[in-house]
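Residues per chain, in single letters:
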Amino acid sequence: MNGQKVKEAVVDALRIASTILPDDVVRALEAARERETSDLGAAQLDAILENVGIAREGSIPMCQDTGLQTFFVEAGAKSPFLGEIRDWLAAAVVDATEAIPLRPNTVDPFTGANPGDNSGRFMPYINWEIVDGDEVKITVLPKGGGSENMSTVKMLPPGVGLKGIQKAVVEHIVSCQGKPCPPTVVGVGIGGGADIALKLGKKAVLRPIGSAHPNPEVAAYEAELLELINMSGVGPMGVGGETTSLAVHVEYANRHPASLPLGILVQCWADRRAHVLVRADGSAEVIS
Amino acid sequence: MERRLDLPIDEARARELRVGDILYLTGKIFTARDEAHLTMLEVKEAGKSLPFDPGAMALFHCGPVVRKAGGGWEVIAAGPTTSVRMEIFEDRFLEAFAPRIVIGKGGMGDRTQAGLEKVGSVYAHYTGGAGALAAKRIEQVEDVHWLDELGMPEAAWIFAVKDFGPLLVTMDSAGGNLYKNLEPKIAANLEAIRARIDG
Numbered sequence: 201m202n203g204q205k206v207k208e209a210v211v212d213a214l215r216i217a218s219t220i221l222p223d224d225v226v227r228a229l230e231a232a233r234e235r236e237t238s239d240l241g242a243a244q245l246d247a248i249l250e251n252v253g254i255a256r257e258g259s260i261p262m263c264q265d266t267g268l269q270t271f272f273v274e275a276g277a278k279s280p281f282l283g284e285i286r287d288w289l290a291a292a293v294v295d296a297t298e299a300i301p302l303r304p305n306t307v308d309p310f311t312g313a314n315p316g317d318n319s320g321r322f323m324p325y326i327n328w329e330i331v332d333g334d335e336v337k338i339t340v341l342p343k344g345g346g347s348e349n350m351s352t353v354k355m356l357p358p359g360v361g362l363k364g365i366q367k368a369v370v371e372h373i374v375s376c377q378g379k380p381c382p383p384t385v386v387g388v389g390i391g392g393g394a395d396i397a398l399k400l401g402k403k404a405v406l407r408p409i410g411s412a413h414p415n416p417e418v419a420a421y422e423a424e425l426l427e428l429i430n431m432s433g434v435g436p437m438g439v440g441g442e443t444t445s446l447a448v449h450v451e452y453a454n455r456h457p458a459s460l461p462l463g464i465l466v467q468c469w470a471d472r473r474a475h476v477l478v479r480a481d482g483s484a485e486v487i488s
Numbered sequence: 010m011e012r013r014l015d016l017p018i019d020e021a022r023a024r025e026l027r028v029g030d031i032l033y034l035t036g037k038i039f040t041a042r043d044e045a046h047l048t049m050l051e052v053k054e055a056g057k058s059l060p061f062d063p064g065a066m067a068l069f070h071c072g073p074v075v076r077k078a079g080g081g082w083e084v085i086a087a088g089p090t091t092s093v094r095m096e097i098f099e100d101r102f103l104e105a106f107a108p109r110i111v112i113g114k115g116g117m118g119d120r121t122q123a124g125l126e127k128v129g130s131v132y133a134h135y136t137g138g139a140g141a142l143a144a145k146r147i148e149q150v151e152d153v154h155w156l157d158e159l160g161m162p163e164a165a166w167i168f169a170v171k172d173f174g175p176l177l178v179t180m181d182s183a184g185g186n187l188y189k190n191l192e193p194k195i196a197a198n199l200e201a202i203r204a205r206i207d208g
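Protein chains in written order, with my numbering: chain B, 201 to 488; chain A, 10 to 208.
Next comes chain B alone, as it looks inside the complex (with noise of 0.2 Å):
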């Protein structure tokens, strides 16, 4: 077993991500259009739906800043190949760079050599998560940097509640005016640790769009802070509008009694996603 097929699975996925932004995406932001009433805004709006639509015509990026490619694997505790994931996906990153193809982005932070193929010290990324059975679902996260740059971590106290959060939230996205390139997404962790609550953010950032959180009060938590962020009128790229978020999505774990940390973990517009499958029989298929 080399892997060929999974390779050649997430390079699908590598390039489906990078070049068709995901139907859920798309429609929040025609609604975004749909509703906007400043001029500069809907111009913005306009700019990026009509580069989606020629990114995915043309098969080509539909942003320069094709990010730090980043995995989430579920692995099944069964599967036969636990071993070999981690360099399979570093070897389909390499293909896909060449192939797609993907600005070359890994950068030494003490050389500043950048190896010209997206490999380097710990990248790929990988998150992993055990399951049961024995399949293996691979999530491409390519993340870019103008967003992850407004990604942050704060540690509040934890009398100022779940109000408290709202506020350093809002008032977070609002400082962060076009730089992120909104409309965003907003992943919110809340809880866990400081590295916790951020990587629970990222996590939340990877449920579709309209998707509600399972737990109902959540999920009006959801909708509320999204409402209040979108009250700022910072609007597209920062230029005034309606929509300064698609959608803001909460992921949380227990915390400790002295500590409320909260992850604000921003996405573009650009949120790029796609899925991989690997059966335990070495077949393996992009799934949506």
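All clues given are correct.
Derived CB-CB ranges, DEER-like:
| no. | chain 1 | residue 1 | chain 2 | residue 2 | range |
| --- | --- | --- | --- | --- | --- |
| 1 | A | GLU25 | B | SER259 | 38 to 46 Å |
| 2 | B | GLN204 | A | GLU51 | 41 to 49 Å |
| 3 | B | SER488 | A | LYS189 | 38 to 46 Å |
Not everything, but these chain A residues come out facing chain B in the computed CB check (under 10 Å):
| no. | residue |
| --- | --- |
| 4 | CYS71 |
| 5 | VAL74 |
| 6 | HIS134 |
| 7 | ALA143 |
| 8 | LEU159 |
| 9 | GLU163 |
| 10 | LEU191 |
Worth flagging that the hints you see were computed from the coordinates, not collected in a lab.
Quick reminder that beta carbons are idealized off the backbone N, C-alpha and C, glycines included.
Go by the hints and put chain A onto chain B.
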């Protein structure tokens, strides 16, 4: 006002441009992010001359995806990068090279605003992430500088463009600033949001 401009433009023409103008550019533009800014300033400060004339082109904050095609290069995607990273040296860059139009996304700060006013240039916003749309308006890669030293995203690429836009002027040489114009309204909205959360 919508304006179709052939580059280069002179200082007097650049000083006529105002916040809210929509520009479409035809001519030459060069890309420069953090590293190319620093490299170009070092060349200038060492008393040497640059291999191209940045004053005759628009400056584009962009790290493109390009690929070798035939004997030259093909641009795959080339949208703007976040401009404010260049805030720490853009005023010096403007004084050194006087590009009349700075293209990027997200706006810039007070130092750049002062530089634009002094030198007579404007900052124009291009829709962030619109890399495929931008690539369509780039007719040719004319040249590239410091590719080996800086890598693909950070190198200075020289593009010939036609009707490159829409670019929205958000900072002009007369002190106009779209982001500052929005600030009072956004601050008032934020107060209303806080009141609603507390209510």
